[in-house]
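Chemist: So you can see what is in the structure, the chains are spelled out below.
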Amino acid sequence: MKRIGALLLVFSLLSAFVFANGDGESTQTITLRMLTRTAGADPAVPLWEDAIAEFQALHPEVIIQDDSVNQEAAYSNIIKTGFATGNLPNFFYDGGTVGMVKYAKEGVIQDISPAFDDAEWYNGFAEGTFDNWKFDSFGAPGYYAFPHAMSPEAIVYNKKLFAQAGIEKTPETWNELLVAIDQLNAAGIVPWEMGGAALWRTGHLHNYIMYKWCGVQKAIDLGTRQAKWTDSDVVETFQFIKDLKARGAFRENFEGLDYDMEKSLFLAGESAMVLNGVWFAGEVSALENSEDFGTFHFPYFEEKPEFKGHMVCYPEGYYVKAGMDEEELALTIEFLKLWTSKKIQARKVKELKMLSPRVDLGLTSEDLNEVLVGYSAVFSDSTMLGSDIASYDPLSEVGDQARNSVIGMLLGQSAEEAAASVQAVIDNN
Amino acid sequence: MQLETRTSKTLKYAFLTLFTLLVAFPVYFALVSSLKSSIDVFLKPFRWPQPVMWENYPRAIAIGNIGVCFLNSIYITVVTMVVSALIGTMAGYVLSRLPFKGSKFWYVIFVAGMMIPMQSVIIPLSFVMGKVQVHDSYIMLMSLYIAFNMPMTVFITTNFLKGIPKELEEAALIDGSTRTYLFFRIIIPLSIPGITTASIFNFLGSWNNLLFPLVFVSKKSMQVIAIGLQSFFAQRISDYGGVMAAIIISILPPILAYVFLQEKVEEGMVAGAVKG
Amino acid sequence: MNKNTGLIISFLFPALAFYVLMALIPIVYSLYFAFFDWPGIHTVPLKFVGFGNFVKMFTSPRFLLSLKNVAWFVFLNVVFQTLLGYGIALLLGTYLRGFKQFKLLFFLPVVLPMTATSLLWKFIFLPNPTGVLNSLLSLFGVDAVAWLLDAQTAMNCIAAANIWQGFGYHLIIAFAAITTVSTDMIEAATIDGCNRFQRVMKIILPSIRNAIMISIILNVTGNLKNFDIVFVMTEGGPNNLTHVPSTLMYVEAFKYDHYGLGSAIAAFIFALSLLVTGVSTKLLGSKENV
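Quick mapping for you: the protein sequence lines, in order, are chains Y, W and F. If you count the first sequence from 1, you need to add 64 to reach our numbering. If you count the second sequence from 1, you need to add 544 to reach our numbering. If you count the third sequence from 1, you need to add 4 to reach our numbering.
Simulated from the structure, these hints should not be mistaken for lab results. All values reported here derive from a predicted model rather than from experimental measurement. Accuracy of the hints is not assured; some may be wrong.
Claimed, not checked - Pairs of lysine-lysine residues, derived as BS3-like cross-links and limited to a Cα-Cα distance of at most 30 Å, are as follows:
1. Y/K144 - F/K259
2. Y/K309 - Y/K372
3. Y/K306 - Y/K407
4. Y/K401 - Y/K414
5. Y/K401 - W/K764
6. W/K764 - F/K60
7. W/K706 - Y/K223
8. Y/K233 - Y/K368
9. Y/K401 - Y/K169
10. Y/K309 - W/K588
11. Y/K407 - W/K764
12. F/K107 - W/K556
13. W/K588 - Y/K224
14. W/K706 - F/K104
15. F/K259 - W/K706
Claimed, not checked - Chain F is nowhere near these chain Y residues, computed Cβ spacing over 12 Å in every case:
16. D130
17. A137
18. T149
19. K169
20. W343
21. L395
Using N, Cα and C, we set each Cβ at its ideal position, and we do this for glycine too.
Please put together the full structure from these sequences, using the hints given.
Modeler: Here's what the structure looks like:
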C-alpha cells in the first residue's frame, strides 16, 4: 500500500511538471482572445465557429481563442479582472454604453473609427448605428464599438389565448392594455409572464414605462443629473408598475420566478404576454406552434401622445482593447468586420432568426417570420429610441439600485420610497 | 456489545429511513430531472419523465465539453490532493509534536488562512500573473489550490497528530531510527484517518472550485468541470434537463473517490481501535 | 538550538512556502488596497484615502445588515450541522446493519458541486405555486410560501440548503472520532451497568470533545466567508436584503468598481477570522489535558 502511495506521488509530481503548461505554441503565431457571452448551448455558437474558421483560413498565422462565457457573474468577473490587470481580451462584448466611457477616457479601449474608411462595409449599417458608441459628448472623442445588435423590444403575445379571452384587437394604449389584462384574468389566464427574480426583467418594463410616460430625454437627463429620480413623473413610472401588479397582471409570487422559467411557461402557453427583446425571437420561431405568436408595440399613454413613438432598443457592441501593436489591431478589426459583414450577418438572420444591425442584407419575407417583422417595426415606427435607463448613468450602482428598488417596491415599499432610494445613491456619491 | 431492544432498533431505522429520504430527495430530483425536457423540469417537477430523454446526457457531454473538463478536473484535483496531503502532514507533524519557539505562532498563521475569502485575492494575484505574463498554467492553478488547502489541512493534521501517543515515537527513536524514517513509516500510516479527512476537503475544494479556473484559465482545452457546468447557461437560453445530466455526471468521480477513500478510513480506524 | 531544527525547517518549509507566496502575500496586498480608492483600471493609480473605506463600511446600513445575516447564518449552521452530524453518527453506531450505506448516502450532498446544490435548492424553494416545495405544501392545503423572496425566510432557506450540503462532513469527522474512543472504557462502563444513554453522555461525548470543537470551528470559519451558496441562491437579494459580507465584497469590487471598499470588507472578514481562530485556539488549548 505504501509503495503504491509513493508511486502515485512520484507520478503525480512528475506529470505536473510535464503537463502543467498548456500546449507550447510556436512564437510566430498571433493569438487573438475574444470574449462574448455566446457560448455553450447558445445557438449562435456554430456561426461564430464558422467565422473563426474562415478567418483562420485566411490568416494561418493567427489563432483565435474564444474564451466566451454565458453567465453574467462569470463574465463580469473576467472583464473586470481584465480591466484591473490590463489583461483584456482583444475584443469583448458589452451591452452598455455610457458605462464604458470611463475606460475610453483612461485609454484602455480603442477608438475604432479608422475602420469606417472601408465604405462598402460601413455603409451597410443603418444610419446612426455607430453613434451609440460615440463618446465625444462625454469627453472621450471617438467611436468605441462594433455593433453586435440593435435589439428592439416589444410585447410578444399568444394569439390563441388572446382570442380565448375575447380580445379582438391588440391594445395600443395603456388603458386598452389594462382592459385586456382584466379580460385575460376573467378567462383564468395569466396575463403577463414576468420573471421578477432576474432584475433586468422588471427593469426592461420600467424602461418602456419611463419612455412612454416621460420620454427618452428624461433618462438622459437623469444621467447628466439635470433631472432627479424624485421628480414626480419619475415616481409615477414606479407607481405604474405597482399598479400592474395590483391589477393582477402577473403571476402570484412572480418576483421569485427566474427568467428561464418565465420563458418556458410562456412558450408552453401558460400565459398570454411577455415583454422581451428580439433575442427571444429565435426561441419563439423554433416552436412547432410558432404561428400562434405575434408581437405588438408597447402601449402608449393617452395623456402623452407625444411619446407614442418612443421605443426601446438596446445597442450591444464589441469593444476593442487599446494599446495593441499595429498588426494585432489590424487583425482584430478585420475579424470584427468579418463578423459584421454581409455574409455572416445574413446567416444570422436567416439561420438564427435574429435581427442584424446591417440593412443591406436584401432580406425577403421568407427570411423574416411574423415575430421578427413585428420587432423590425420598432425601427420603422419609432420616433426616438432609448436603451436601458441605467445605460445613461455613469455610475453602475444607480442602475442597480433602480432595479432593486422596483422589486423592493413590489414587495411592499411605496413608489416614493423606491424613487428616493435611487436618488440617495446618486447623492451619496 | 449490548443488545438493543427491538423497538429501539425499529425506531432507529424508521427515523434513519425518513431522514434518508429527506437527504436523498434533491439528488433524486436531479436524477429524474436529467431525463426530462427543459420545460418539464419547470412545469412538472414530480412527474416521471415522459418521454425519457436519454439524449440529455450525450448532449451534456458534447456541449459542455464535459469529457475534457472531466479529465482536467481529475488530473488537477488528484495532484493537488496528494501534494497537499504530504506537505500538510509534514507541517502538522512538526507543529504538533516538535514544540519549538514560535510553533504556536506558525500554527495560528496557518489556521487564520481558513478565513481568507477567495474573491479577495483575485485582483492581486492577476496583477502578479499579468506582470509575469503567466496565463493558462496548471502549475499556477495547482499551487493556488495547494496554498489554500494548507490552512485546513494543517489544522486537521496538527490536531489529529496530537493524539498519537508519545511512547510510540520514543520507542522508535530509542531503537535508532531517524525522525524522517519515523515519520514516513510510522506516523503517516497512523494518521491515515486524519489525512483522509483533510484530503476529502481538499478534493472537494479543487473539484468544485469555479472562481480560480474561471479567471486564470481561459483556454477551452484546459477548462474544468465547474466551468463545463456553467456553459449550459447561455446568455438567453437554458437547458435545465442537460444541466441536471451534467450535474449527475460531475458527481460520479467524487462519489467514487469517497468510496475508495472510505476503505482507507476504515482500515485506519480499525488499526486505531486495536492499538487502543 | 534544537537538535531537530533541520527537520523542523525542512518539514515546515513546503507548506509554508506555498501558503505564504500564493495566499498570504496576496491577501496582505489586497488589504493594502483597503486604504486606497481604485476604480479597477490598471492605468489609474491608487488614491490614498486612509480609513475612508472603513468609515464608509461601518456606516453603511447594508454592511451592518450583512453582519446580522452572516451571524444568523453561521449560528444556524453550527447548531444544525453539528447536531445532525454527531447525532446521526451516535445513532448509527458502527454495528447497526447497513451503517456504511447510510454513511455513504449522508455524505452524498457534500460531494455535489456548490453551483449544482445551490441551483437544485433554488428550484425547490421556488415561490410560485408550482415550485417543488410549494407543490408539496399544496397537497396538505398549505398556501404557497415566498421562501427566498421573503427577507425573513430567505436566510433560513439558504442555511437549510447549506446544512443539507455540509452536515455529512461532520458526520465523517464524528465517526472518525467516535471510533477512537477506547472500547475498554465502554466495556467497563457497560459492565458497571451504564445504559446506552449514559454511555453516550458520560463517556463518548467527553472523549470526542476535541472533535466537536474542531467541527464547530470549521463550521464557523467556513461559513463566515461562505460566498457561493448565498450568491447563487439570492445574489444578496431581494433588494439587497440577504447580503453577507463576502457577497457584499464581491458586489462592491466587481460590480461597482469600488475595489478599495471591497478590500476593506475583505480585511474585516479576515480580521474577524483571526479573532475567532485566536479565541478558539485558546479554548481548545485549555481543554487539553494529559
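Chemist: Indicate, hint by hint, whether the structure satisfies it.
Modeler: Comparing the hints with the structure gives:
1. Taken as a hint, the Y/K144 and F/K259 pair is honoured in the structure, with Cα atoms around 8 Å apart against an allowance of 30 Å.
2. Between Y/K309 and Y/K372 the CA atoms are separated by roughly 23 Å; this keeps the pair inside 30 Å, and the hint holds.
3. Using a Cα cut-off of 30 Å, the hinted pair Y/K306 and Y/K407 is violated, with the two alpha carbons roughly 46 Å apart.
4. Note on Y/K401 and Y/K414: the hinted pairing holds, with a Cα-Cα distance of about 19 Å set against a maximum of 30 Å.
5. In summary, the hint linking Y/K401 to W/K764 is supported, as the alpha carbons are separated by about 24 Å, within the 30 Å threshold.
6. Among the hinted pairs, W/K764 with F/K60 is inconsistent with the structure: their alpha-carbon atoms are about 40 Å apart, more than 30 Å.
7. Proximity of W/K706 to Y/K223 is assessed by CA-CA distance (about 73 Å); at most 30 Å being required, the pair is judged violated.
8. Simply put, Y/K233 and Y/K368 have alpha-carbon atoms about 21 Å apart, close enough for the 30 Å limit, and the pair holds.
9. At most 30 Å may separate the alpha-carbon atoms for a hinted pair to count; Y/K401 and Y/K169 meet this at roughly 24 Å.
10. A threshold of 30 Å between alpha carbons decides the hint, and for Y/K309 with W/K588 the separation of about 26 Å falls inside it, so the pair holds.
11. Of the supplied pair hints, the one linking Y/K407 and W/K764 holds, its CA atoms being roughly 27 Å apart against a limit of 30 Å.
12. Only pairs whose Cα atoms come within 30 Å are accepted, and F/K107 paired with W/K556 is accepted, the gap being roughly 14 Å.
13. Restraint check for W/K588 and Y/K224: satisfied, since their Cα atoms lie roughly 23 Å apart, inside the 30 Å limit.
14. Between W/K706 and F/K104 the CA atoms are separated by roughly 28 Å; this keeps the pair inside 30 Å, and the hint holds.
15. Our distance criterion of 30 Å between C-alpha atoms is broken by F/K259 and W/K706, whose separation comes to about 45 Å.
16. The beta carbon of Y/D130 is kept farther than 12 Å from every beta carbon of chain F, the shortest such distance being approximately 22 Å.
17. For Y/A137, the non-interface assignment is contradicted: its Cβ lies about 7 Å from the closest Cβ of chain F, within the 12 Å cut-off.
18. Listed as a non-interface residue, Y/T149 fails to keep its Cβ farther than 12 Å from every Cβ of chain F; the least gap is roughly 6 Å.
19. Listed as a non-interface residue, Y/K169 fails to keep its Cβ farther than 12 Å from every Cβ of chain F; the least gap is roughly 9 Å.
20. Distance check on Y/W343: its Cβ is at least 22 Å (rounded) from any Cβ of chain F, clearing the 12 Å threshold; non-interface status holds.
21. Interface exclusion of Y/L395 from chain F stands, the closest Cβ pair being 23 Å apart, more than 12 Å.
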